[in-house]
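Residue-level listing of the chains:
2 protein chains.
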Amino acid sequence: MKPVRIAGVGLTPFGEHPNQTSRDLFAEAAKAAVADAGVPRSDVDQLCLGNFVGDVAERQGHQAPLMADAAGIDAPATRFENACASGGTAIRGALRAIRSGEADVVLVGGVEKMTSLDTPHVTGALAMAADDLFESRTGLTFPGAYALMARAYFETYGGTHDALAAIAVKNHANATVNEYAQFRSEITVEDVLDAPTIADPLGLYDSCPVTDGAAAAVLVSEAYADDRSVDAPVVISGSGQGGDSLALQDRSSLCRAPATETAAAEAYDEAGVEPEDVDVVEVHDCFTIAEVLAIEGLGFYEPGSGIEAAASGETTMDGDLPVNLSGGLKAKGHPVGATGVAQLVEMTRLLRGDHPRSDVVSDAQTGVAHNAGGTVASATVHVLQVEQ
Amino acid sequence: MKPVRIAGVGLTPFGEHPNQTSRDLFAEAAKAAVADAGVPRSDVDQLCLGNFVGDVAERQGHQAPLMADAAGIDAPATRFENACASGGTAIRGALRAIRSGEADVVLVGGVEKMTSLDTPHVTGALAMAADDLFESRTGLTFPGAYALMARAYFETYGGTHDALAAIAVKNHANATVNEYAQFRSEITVEDVLDAPTIADPLGLYDSCPVTDGAAAAVLVSEAYADDRSVDAPVVISGSGQGGDSLALQDRSSLCRAPATETAAAEAYDEAGVEPEDVDVVEVHDCFTIAEVLAIEGLGFYEPGSGIEAAASGETTMDGDLPVNLSGGLKAKGHPVGATGVAQLVEMTRLLRGDHPRSDVVSDAQTGVAHNAGGTVASATVHVLQVEQ
Chain A
20 MKPVRIAGVG
30 LTPFGEHPNQ
40 TSRDLFAEAA
50 KAAVADAGVP
60 RSDVDQLCLG
70 NFVGDVAERQ
80 GHQAPLMADA
90 AGIDAPATRF
100 ENACASGGTA
110 IRGALRAIRS
120 GEADVVLVGG
130 VEKMTSLDTP
140 HVTGALAMAA
150 DDLFESRTGL
160 TFPGAYALMA
170 RAYFETYGGT
180 HDALAAIAVK
190 NHANATVNEY
200 AQFRSEITVE
210 DVLDAPTIAD
220 PLGLYDSCPV
230 TDGAAAAVLV
240 SEAYADDRSV
250 DAPVVISGSG
260 QGGDSLALQD
270 RSSLCRAPAT
280 ETAAAEAYDE
290 AGVEPEDVDV
300 VEVHDCFTIA
310 EVLAIEGLGF
320 YEPGSGIEAA
330 ASGETTMDGD
340 LPVNLSGGLK
350 AKGHPVGATG
360 VAQLVEMTRL
370 LRGDHPRSDV
380 VSDAQTGVAH
390 NAGGTVASAT
400 VHVLQVEQ
Chain B
20 MKPVRIAGVG
30 LTPFGEHPNQ
40 TSRDLFAEAA
50 KAAVADAGVP
60 RSDVDQLCLG
70 NFVGDVAERQ
80 GHQAPLMADA
90 AGIDAPATRF
100 ENACASGGTA
110 IRGALRAIRS
120 GEADVVLVGG
130 VEKMTSLDTP
140 HVTGALAMAA
150 DDLFESRTGL
160 TFPGAYALMA
170 RAYFETYGGT
180 HDALAAIAVK
190 NHANATVNEY
200 AQFRSEITVE
210 DVLDAPTIAD
220 PLGLYDSCPV
230 TDGAAAAVLV
240 SEAYADDRSV
250 DAPVVISGSG
260 QGGDSLALQD
270 RSSLCRAPAT
280 ETAAAEAYDE
290 AGVEPEDVDV
300 VEVHDCFTIA
310 EVLAIEGLGF
320 YEPGSGIEAA
330 ASGETTMDGD
340 LPVNLSGGLK
350 AKGHPVGATG
360 VAQLVEMTRL
370 LRGDHPRSDV
380 VSDAQTGVAH
390 NAGGTVASAT
400 VHVLQVEQ
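Protein sequence lines, in the order shown, are assigned to chains A and B. Heads up: the first sequence runs through residues 20 to 407, numbered per this note's numbering. Heads up: the second sequence runs through residues 20 to 407, numbered per this note's numbering.
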C-alpha cells in the first residue's frame, strides 16, 4: 500500500476554552498545521473532519464546510463520525482520498467543544456512543461500561485497581512536559486509589477528563511531496479499521477488543511490520482499563498479560515500549472528535524529533496510533514510520 | 477513473414509521439490497452510512456499528455526515474504499428517523445544517433560507411562484406509481398556489415533507463482479463533491450553487461525459427553487433559464430531460441521511429497467444523481451508466 506523507501538524491547547467555539478552536489547529506543512492553503484539495457531539453541544451539524471556512480552505469537506474514533476515521478518509488518486493534499482534523455542557449533559452526550435502546436507557454510562469491562478482565485474567492505577500515574508523568496537555501535574498510586469511585472499580483518576480542543494535520501524496520538495519525513505506512457490535451484550467477551485486533492486523499488514517492530505507541486510554485492552489488542502483550506489564513499568518512558508519551487521553485530555488526529500529531512530532518527549525515543523508527469508539465498537490503527 | 458496479439496491417505503426505529428501517433496506445483489453477506468488507439527525432524534450517535449489527454485517463501519448530503457523501466513501483497493464489496446506506420529533423540534434539528451562530440563532430556518434564495433568483433572473409550482406538480405526478413514495397523489398548480405560505414565496407544496426511511446499495469492484459473475449492469463512472461557505452571508450569490457546479465538473470529467450526454436525472429538490438551482448547477440549463425550462415542461416525464422520475424529495419524501443513497437506488432501477418509470427512459444509458446539504454548502454528483 502506497505510503502517504504527513507534511504538517497542529494542535490547540487541550482543556477548557470558554471563550472559543469549535470553529475558533479548529481555525487555530488548522492554521498551525498548514504553517508547519509549508504548503499553500490553496493546494488543499479536501477537508476530512472528525467530530462527535457538536449536534448536541453546539446545535451545529454540517460542521465540515463550517470548519473549511474557519480554516480558510476553499475545498469540499466531509464529516466522519464514529464516536470517540471519529478522528481516526477521518484520517482513513483522507488516506483513501489520496490513495484512490482523488486528492494530493488533504487537511484532516478533529474538533470538540464539550465543556459548555455541564457534567450530566456531557455524560448524556457521550452516552450517544452506546446503544440507546439497550444500554444508555438502562442507565449505563461510559464509566459504567468500562467498569464492567474491568470487572470482567479481573475475573477472567486477574488484576487489581492498584495495577490499573500505574497507568494513570504513568500518563500524568508523561504529560508534565506537554504544553498542550490538560493536566501537567504528577499523581501517585495513592491519589488514584483514594480518589472518589465513579463506577467500581474505576475512580476519578482512572477516567479521562472532559476537554475542548482541536487537532489538524496536512497529508500529502508521495508525488506531491516529491514535486514540491515538501519536508515530510514521517509517513503513514499502514491503516486499519475494525468494528464490533455496538452493545456490550452482543459481545462474546467483555475483556477483549476484537475491533482493535482487526484494525491492527490490517495496518501492520499494509505497513509490513510486526508488533515487535513498533518503538512507541499512542493508545486510546479513555479509562485505565482501556489502555490494557489496547496494548493487548495491538499485539504487544498476550491477552491477560497487559495489566501486569503496565503495572511493572514496561510501558513507562523508561520501559521497553513507551505508551502514551503525550499523556494519553487521561492527562492530555480527550476532545472526542479531535483525539484520533491529536494522536497522529503527537506521534509525528515524537518521530520527527520535535516533541518534548522525543529524547525518550530518539532511535524510534516506527510508531502506532490507536483510536477507539464507544466500548471499542469502532477502532482505527495507524502505523507511522520515519522515511529512511 | 475505474468504474464501480452497483450490484444491488434496496429501500424501505418512505413516510411515517411510528413503530420502527432507525435500526429496523436500515435492516429492511440493507436486507433488500443484499438480496438484490445476490452477494453473500459475509463478503461485505465495509459499511458506509449516511445519517444526519440521529443524535438529536434518537439520542443515537455512533450509528455505523449499530447499523452493521442491524444489517447482519460483521465489518468495519463508518458514518458520514454532511447534513442532507450525508448519503451522497457516504457513497463517495464507499467508492474511495473500492478505488483505493481497500475493499471489494461495500454496503452503502443511509437512514433517518424524523417523524418522532414534532414539527418545531424537527425544524430545529434540520437547522443544525445551517450556521448556528450566524443563521439558526437569528431565526432563519430552511424554508426561510430557500425563500431568500428564491427571492434573489426572481430579482436577478426573473421568475414567479407559478413557475416554481410546475416543479411540485411534476414531482407529484412522477411519484404516483412509486410504491416507495410518501405521496402518491397528483396535485395542481392551483393547489400549490393556494397552499399556506411557509416563507414567502415558498408554500407548503414547495417544500419536501418530513420523512422516515432507509436506503441501501451494494457496490462492488469490477474484479469482484467479474470473478463472481455478479449481475451488475449499472456502474458509477463518475463522482464529484463540492463545498461552499456554510452561511449564506458568505456567498457571492444566493442564486447559484457553485458546490453543485464543482461536483458536476468532477463527476463528468471522471465519467467522460458532458451534460448533453445525460438522459435522466435525480436532483435534490428539498424546495422547488432547489430543483431550479440544481438543473442549472449541473449544466443542463444556463443560469436563469432553468425556471422557464421547468415551467414549460422540459423536465417532465414527457420532456427532453426527465428530472426526478422517482417523485424527488418533494413527493417521494426526504429521510435526510438516506436521500443520497435513495437517489442512487432509484437511478439504478431506472437504468436497469425495473423501475415503474423505466418505460419513460427505455433507451437511457446515462443518469445523474445530485445530493445537496444545507443551502448547498455541500453537494455530491454521481454519474451512473449502463455497461455496454
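Hints in this document: simulated from the structure, not taken from any laboratory. There may be inaccurate statements among the hints.
What the hints assert, rightly or not - Sample of chain A residues lacking proximity to chain B, with all beta carbon distances greater than 10 Å (derived):
hint, residue
1, A51
2, F71
3, V75
4, E100
5, S119
6, E121
7, A192
8, G261
9, Y320
10, V379
11, G393
Claimed, not checked - Here chain A is said to cover these stretches of chain B; the calculated rule only asks that three of the stretch's residues, wherever they fall, bring their Cβ under 8 Å from a Cβ of chain A:
hint, region
12, 55 to 63
13, 72 to 81
14, 110 to 118
Yeah, the Cβ is synthetic: ideal placement off N, Cα and C, and Gly gets one too.
If I take the minimum Cβ distance from E121/A to any residue of chain B, is it greater than 10 Å? violated (7 Å)
Check: So is A192/A really clear of chain B, every C-beta pair being over 10 Å apart?
Finding: holds (32 Å)
Separation of V379/A from chain B, once the least beta-carbon distance is taken, above 10 Å: holds (33 Å)
Against chain B, does E100/A keep a CB gap of more than 10 Å to every residue? Given a closest Cβ separation of 5 Å, the condition is violated.
Least C-beta distance between G393/A and chain B, which was stated to exceed 10 Å:
The claim is violated: G393/A sits with its nearest Cβ about 5 Å from chain B, within 10 Å.
Q) Has the region 110 to 118 of chain B got at least three residues whose CB is nearer than 8 Å to a CB belonging to chain A? A) Satisfied; 6 residues make the cut.
Outcome, coverage of the region 72 to 81 of chain B by chain A - at least 3 residues whose beta-carbon is closer than 8 Å to one in that chain
That given contact holds, which follows from 8 residues of the region 72 to 81 of chain B lying within Cβ reach (below 8 Å) of chain A.
### Message
Checking a non-interface call: every C-beta of chain B should be farther than 10 Å from the C-beta of G261/A. Is that right?
### Response
The claim is violated: G261/A sits with its nearest Cβ about 6 Å from chain B, within 10 Å.
Regarding the assertion that S119/A does not contact chain B, is the least Cβ-Cβ distance greater than 10 Å?
At roughly 4 Å from the nearest Cβ of chain B, S119/A sits no farther out than 10 Å, so the non-interface label is violated.
Given as non-interface: Y320/A, partner chain B, CB spacing beyond 10 Å: About 24 Å separates Y320/A from the closest Cβ of chain B, which puts it past 10 Å; holds.
With d taken as the least Cβ-Cβ distance between F71/A and chain B, does d exceed 10 Å? violated (6 Å)
Coverage of the region 55 to 63 of chain B by chain A, judged on three or more residues with CB within 8 Å: violated (count 0)
In this structure, the hints that do not hold are numbers 2, 3, 4, 5, 6, 8, 11 and 12, in rising order.
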